[in-house]
Structure formats: structure tokens, C-alpha cells
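Peer 1: Residue numbers (our numbering), protein chains in the order written: chain A, 1 to 491; chain B, 1 to 113.
There's no promise every hint is true.
To be verified - Examples of chain B residues toward chain A, derived with CB under 10 Å: (1) 6; (2) 19; (3) 20; (4) 47; (5) 48; (6) 68; (7) 86; (8) 90; (9) 91; (10) 94.
Claimed, not checked - Label-pair restraints from in silico Cβ distances: (11) A:283 - B:52: 36 to 46 Å; (12) B:37 - A:40: 31 to 41 Å; (13) A:53 - B:83: 27 to 37 Å; (14) A:333 - B:66: 21 to 31 Å; (15) B:30 - A:40: 30 to 40 Å; (16) B:51 - A:236: 43 to 53 Å; (17) B:93 - A:40: 44 to 54 Å; (18) A:114 - B:52: 37 to 47 Å.
In short, the hints are calculated from the structure, not lab data. In this text the structure is predicted, and so the values were computed from the model without any measurement. All C-beta atoms, glycine included, are put in the ideal place defined by N, C-alpha and C.
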Amino acid sequence: MADVTRMTATEIAALIATGEASAVEVTRAHLDRIAAVDDRVHAFLHVDTDGALEAARAVDAKRAAGEELGPLAGVPVAVKDVLTAKGVPTTVGSKILEGWRPPYDSTIVRRLRAAGTVMLGKTNMDEFAMGSSTEYSAYGPTGNPWDLGRIPGGSGGGSSAALAAYEAPLAIGSDTGGSIRQPGAVTGTVGAKPTYGGTSRYGLVAFSSSLDTPGPCARTVLDAALLHEAIGGHDPRDSTSIPAPVPDVVAAARAGASGDLTGVKLGLVTEFSGEGAEPGVTAAFRDAVDALTKLGAEVVEVSCPHFQYALPAYYLIAPSECSSNLARFDGVRFGLRVGDDGNRGLEEVMSLTRDAGFGPEVKRRIMLGTYALSSGYYDAYYGQAQKVRTLITRDFTAAFEQADVLISPTTPFVAFPFGSRTADPYQMYLADLFTIPTNLYGGPGISVPCGLSEGLPVGLQIMAPTMADDRMYRVGAALESVIGTLTPPEL
Amino acid sequence: MSAISREEVAHLARLSRLAVTEEELDTFAGQLDVILQAVARVGEVAAADIPPTSHSVPLTNVLRDDVVVPGLTRAEALSGAPDSEEDRFRVPRILDEDEPPSPRGEGPAEGNA
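With the hints as extra help, turn the sequences into a complete structure.
Peer 2: In C-alpha cells, the structure reads:
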């Protein structure tokens with residue numbers, strides 16, 4: 001049998017459905033691959049060998065009993081360590097939750113189990129999903145399979161690196177400002193941020209509740225769509241979950257794969273064209289736009305004048321919500337407690353615990369948010385950022401009257417070497433320049449490989465209106481039909 | 001001109017319940033200054049008449065059906081706690097007359113000593 005770790009999720013599911021491979025064989029092949037390469041890649045924080053094999057055996061038993069299998073039954077999946085899975089360590093990349101085994105499943109994990117997928121383990125991430133490189137993980141960074149001396153993006157670098165290293169065919173990420181799409185771009189894989197409220201946040205460790213969106217990562221657009229369909233949809237346990245069916249993303253991905261984009265209008269965001277991106281990224285993006293035009297798409301220029309304020313607005317809104325959300329890490333109900341010697345009071349123990357348990361980026365954001373929310377500064381910072389958020393939403397609404405989707409490079413630069421952006425935190429923030437507007441608006445966005453720059457992957461971002469996630473899958477699959485999947489050098 | 005002083009950052013750390021070291025303060029003060037000067041650009045936007053957006057989805061209060069469903073057991077709820085006693089979360093001392101001044105310089109807690 002051919003090496004299953006090189007196959008798409010769609011191909012693996014077909015092998016299992018026809019009985020040409022068992023789910024246990026497929027799972028063992030991926031566990032073997034992890035054992036062979038992950039000491040160098042470090043995509044995983046925890047590999048759940050027993051749980052994965054048990055889930056695989058259950059799929060094989062179902063098949064043997066003649067029960068109907070879902071479209072992803074038996075396919076392995078890697079889950080970002082931001083989502084709870086009952087009894088499986090969940091750290092969020094932080095020392096403050098080291099050793100915590102949650103007593104419940106997140107909705108995403110529950111749906112992954114219901115779909116018959118096999119959870120291989122939990123993937124590395126920037127602490128509390130704050131970062132663009134995994135360098136802020138308390139457990140050490142993940143290497144980019146294209147060049148192990150470079151970052152795999154972040155915060156979900158572990159999930160995307162696991163895909164590029166053929167350790168898993170599917171992965172789950174979460175996107176607050178680009179944490180699915182930017183890792184997808186720099187690892188040459190696909191990453192989709194669904195419409196906010198289209199995927200459940202129940203059991204997702206909160207960073208910025210009005211922005212956090214779990215979503216699918218894969219090596220192909222169709223695989224991402226299948227995973228999106230499996231995890232998406234209304235969840236009564238999340239009060240911001242949208243009570244509407246998941247857009248038909250799978251059909252859209254299949255339609256796009258035909259390579260026909262006749263009648264589709266692509267909006268080129270004037271403010272994101274050229275400026276801010278590396279020349280190699282801009283060149284690959286422009287070539288991809290030409291390719292999309294050849295498939296019949298029409299390109300129109302759209303102006304989104306407030307997008308230039310998206311990054312500043314985001315770095316007020318997200319830290320503000322973070323400072324509030326992370327107040328729950330008080331050393332009482334879960335996680336670390338430091339300095340409780342019987343003499344120190346609660347507040348001192350809490351302060352010592354939080355200083356020991358949080359890394360520098362998390363502390364910066366907590367303090368920044370505390371500042372933006374404090375009386376005297378609230379109107380000028382948090383309040384003003386919320387108004388800018390309204391204007392960015394209006395820019396999107398106006399742009400979608402002229403175009404079906406908007407396109408841009410996913411991130412301004414290719415995978416950068418470790419350590420090159422950690423000294424000046426704001427330089428790291430710039431990685432999300434093009435992805436953040438979508439989060440503030442709440443619409444969906446996907447990154448699809450569009451070529452190479454100096455041997456490293458470049459991603460093209462497709463942004464769609466709220467609850468029109470299907471549109472980005474159609475355009476993404478069409479692009480993929482021209483570009484193909486990118487194959488990194490052998491590890 | 002700097003947007004934030006070292007003293008203000010120290011105050012923020014206390015409000016945030018972060019017992020930062022002097023060395024951390026030196027680093028954070030410079031970094032937060034750079035970040036604040038960058039994010040202050042939101043002030044350039046004329047938005048006086050613009051309503052704020054807190055969520056992209058309209059938020060309405062959601063009530064679930066009034067049906068009893070099992071929750072976490074006491075053991076499950078306590079399973080991640082750093083310390084527990086008699087089936088309860090055990091916390092460090094909260095009130096004590098001999099408590100040293102808190103980091104914010106407030107006096108000892110009143111009333112319940």
C-alpha cells in the first residue's frame with residue numbers, strides 16, 4: 001500500500017470505507033510518522049496514542065458491523081491545545097495550565113469524535129494563542145517543515161506544521177487575528193477561519209471572546225471543507241453561536257475544483273496591494289491573481305479606507321478582552337499555584353502565581369488591556385477601537401456590493417528565522433496585518449497556497465461575507481486546481 | 001514623548017495581579033510604550049457619531065430549556081484544583097488583621113478581623 005501519510009483526508013476516508021486499509025493501520029502509520037519526525041518538528045505537545053488507537057478500533061468495528069461511516073471516519077486529526085478534550089492534557093501553551101486534564105470535551109472535539117475522526121493529540125501554539133510564530137509557547141517553538149530554523153506561523157503553528165510534516169492529514173486551529181490563516185500561509189497548507197459564530201467556542205480556552213473562532217486546517221481545500229462541515233453549526237452551549245445551517249462548503253469546494261470562475265468578481269483591496277508585503281510575496285500574489293483571471297474571474301479594485309486602522313484597533317480590543325478573560329487564572333480552581341506557604345494572603349499568592357505562570361507576551365497583553373479599559377483611557381482607547389470596528393465592518397459591507405470575495409496576500413512575509421521578531425513585539429504583530437480586518441468584521445477567510453518566494457510558501461487570502469463561507473472555498477479550490485499542493489523538502 | 005511611564009506600568013501590573021520583577025518592569029515599560037504609541041493611531045479616525053461594535057453577531061439573551069441535565073460531579077469540578085479540602089476549593093488566607101499592606105498600599109481589611 002502507498003504511504004497513507006502522504007494522502008489527503010478524502011483519499012484516506014475512501015480507503016477505510018472500502019476496506020483497503022483499516023483505521024488502525026492508518027492511525028499507526030501517522031503515529032509512526034510522529035515518532036520519526038516530531039523530535040525535530042515539535043508540532044505536538046501531547047500524543048494520545050492509546051486514545052487514538054481506541055478511536056480507530058471503534059471505527060473499524062463499526063465498519064465490520066456494517067454501520068454507515070461518515071465522510072471522515074477513521075481519518076486522523078491533530079487538535080490545537082486550546083480546545084478541551086476530556087482527560088487529555090490541555091495547556092494552551094502555558095505553564096499556568098501545565099498538567100491540567102479537563103473534565104469535559106469541547107464541542108469541536110465532541111463533533112470530531114461523532115464524525116469518527118481519530119484524535120492523534122494536541123498541538124503546540126503560542127501561549128494563549130497570542131503570537132504569530134509559536135515562539136511564545138512555554139514548551140518551546142515548533143519548526144517549519146520547510147526549514148526547521150524558521151517559524152511555522154502562529155499561534156496555531158503546531159497544527160499547520162503537523163500537516164506540512166505529514167504527521168496528520170487534518171488539524172484544528174483557532175483564529176482570533178490570523179492564527180489559522182497565517183500558519184497555513186507560511187507552511188504551504190490550507191487554513192480556514194469560519195464566520196464568527198459558525199463554529200462553537202464551548203471548551204475553547206478564551207483569549208478574546210468576540211473574535212475567537214475555531215476552524216479547519218488541511219493540505220487541500222476540499223479536506224478543509226469536509227472538516228469545516230463536521231465541526232460547524234449551531235451549538236446551544238455557545239451564546240454567540242449562529243442558529244443557521246453551515247453553508248454548503250463541501251459542494252463549493254467541489255465546484256471550485258473544476259477550475260471555472262466565470263462570473264465571479266474578486267475584489268482587490270487597494271490598501272493591501274503592494275504596500276507592507278515583501279516583494280516576493282507580492283510577486284507570487286500577483287501571479288496567482290493572473291491565474292484566477294484566466295479561470296474566468298473578474299478583478300475589481302475596492303477601497304477599504306479603514307483597514308489601515310484594523311491593527312491598532314485589534315491591539316486594543318483583543319488585549320482588553322484578554323485582560324478580562326485571563327482573570328480566571330487565579331490559582332484557585334485549576335492550574336498552577338505558587339507561593340502558598342500558609343502565611344501569604346490570597347492576593348499575593350495570586351500575583352505570584354500569575355507572574356510565574358504567564359509568559360511575557362501574555363503579561364504585555366493583560367497590562368495593555370487593563371490600561372485600555374481603565375477609567376480615563378477607556379473612551380480614547382477601547383471605546384474608540386470599537387467605533388473603528390464599526391467603520392471596518394462598513395468597509396466590508398460596501399466592498400461586498402462590488403465584489404463576491406476580497407483577496408490579498410495572507411501575511412506580509414514568508415516564514416522568518418527564529419528570534420528575528422521577538423525583541424520588538426510590534427514587529428511580530430505586523431504578521432497579522434492582512435488577516436485582522438476579517439476578525440473585526442466577523443466574516444470568514446481562508447489561506448490557500450499560491451506559490452513560493454525564495455523557496456518558502458506564500459498564501460493567498462480569500463475573504464467572504466458573513467455566512468457566505470462557501471464562496472471562499474469555491475475560489476480557493478479553483479486556485480488550488482492551478483497551483484496544486486506544495487510539497488516541502490524531505491525532513 | 002513616551003506614552004506610558006515605568007510607574008504607570010508598575011501600577012498596571014498591580015491592577016493585573018502580576019508580581020512582576022524590577023527587570024520585567026524595565027523591559028515591559030519600553031515595549032508597552034512602543035505598542036501604545038502605535039495603537040493610539042485609532043484616535044486619528046473621526047468617529048464621534050459612529051456607534052461602537054462589541055460583537056459581529058447581534059447578541060440576544062439565550063435561555064435553554066428548563067430541563068435537568070447532569071453537570072460535573074464534585075470530584076470532577078475539584079480535579080484540576082491546586083488544593084482542596086473537605087470537597088471544597090481551598091484558598092490562601094483572605095482576611096487577617098496582621099496582613100501586611102497589599103501591593104496597592106491599602107491598609108488591612110476592615111470589619112471582619
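Peer 1: Next step is simple, just say for each hint if it's right about the structure.
Peer 2: Right, here's what the structure says about each hint:
1. 6: Violated. Min distance 12 Å.
2. 19: 4 Å, holds
3. 20: At 6 Å from the nearest chain A Cβ, residue 20 of chain B passes the 10 Å test, so the hint holds.
4. 47: OK, holds: residue 47 of chain B within 10 Å of chain A, min 4 Å.
5. 48: 8 Å, holds
6. 68: 15 Å, violated
7. 86: This interface hint is violated because 15 Å lies over the 10 Å limit.
8. 90: The hint holds - residue 90 of chain B has a Cβ within 10 Å of chain A, the shortest such distance being about 9 Å.
9. 91: With Cβ-Cβ at 5 Å, under 10 Å, it holds.
10. 94: For residue 94 of chain B, the interface hint holds, since the closest Cβ of chain A sits about 5 Å away, which is under 10 Å.
11. A:283 - B:52: 36 to 46 Å: Holds: the Cβ-Cβ distance is about 39 Å, inside 36 to 46 Å.
12. B:37 - A:40: 31 to 41 Å: 40 Å, holds
13. A:53 - B:83: 27 to 37 Å: 35 Å, holds
14. A:333 - B:66: 21 to 31 Å: 27 Å, holds
15. B:30 - A:40: 30 to 40 Å: Cβ of residue 30 of chain B to Cβ of residue 40 of chain A: about 35 Å, so the range 30 to 40 Å holds.
16. B:51 - A:236: 43 to 53 Å: 29 Å, violated
17. B:93 - A:40: 44 to 54 Å: 48 Å, holds
18. A:114 - B:52: 37 to 47 Å: 38 Å, holds
The structure does not agree with the numbered hints 1, 6, 7, 16 stated previously, though it agrees with the rest.
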